Amino acid sequence: MTIPELRLLQEFQDRAGYGGYSECFGLDDFNDTSGLEAGWSKDPDFLSRLIPFATATGGGSFYAFWRADDRDDLATLPVVVFGDEGGEHVIASDLRDLLRLLTYDTEPSVDHEEVYFYRPEGAERSNAHEEFVTWLGATFGLAATDAPGEIVEAAQAEWGERFAAWKAPFLDY
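In this text, residue positions in the sequence shown follow the numbering used here: the first is 1, and each later residue adds one.
Hints in this document: simulated from the structure, not taken from any laboratory.
Possibly wrong hints are sitting among the right ones.
Here are the simulated EDC-like cross-link-like pairs (lysine to aspartate or glutamate), alpha carbons at most 20 Å apart as the crow flies [stated by the list, open to error]: (1) Lys42 with Asp32; (2) Lys167 with Asp45; (3) Lys167 with Glu85; (4) Lys167 with Glu131.
The structure presented is a predicted model; accordingly, all values stated were derived computationally and were not measured.
When you get a sec, could you build the whole thing from the sequences and use the hints?
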């Protein structure tokens, strides 16, 4: 499975460094389901609908595409974050929305109840943050966001209930 947007992001990451353009974010081994198997479910039906692709936090949270349907363009699938201390939430309606979230330049806070972004005023940016924002605009025509909650809320309004219903039979809580 090739996702052109991820290939281009990987090329950018190779220059900027893992975690060098958005706090704690880095592309990982595409479709490595070991984290899902260890923390959520080994059920093949569960694993077949999730495609892990990136680290989300310094603690081990990660992002995955959720195959909500059988569309061919994986970049248009909703993105889910799985928290290292539990919790799983739709965080972006598609890959481009996740890329915009990365411009906020802070890792998400994930627990069983919610996911949100918080950056203290005056917090330092990642070394290649400005280069990333410029690259994102030039490559995809996407603007940075200072309102990550709006992107997350829109994704959850569109996909949240459906994701919750889908995951429920696989998880023990």
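Here's how the hints hold up against the structure:
Between Lys42 and Asp32 the CA atoms are separated by roughly 13 Å; this keeps the pair inside 20 Å, and the hint holds. For the hint linking Lys167 to Asp45, the alpha-carbon distance of about 10 Å falls within 20 Å, and the restraint holds. A distance of roughly 17 Å separates the Cα atoms of Lys167 and Glu85; the hinted pair therefore holds under the 20 Å criterion. Between Lys167 and Glu131 the CA atoms are separated by roughly 37 Å; this puts the pair beyond 20 Å, and the hint is violated.
Of the numbered hints listed earlier, the single one contradicted by the structure is hint 4.
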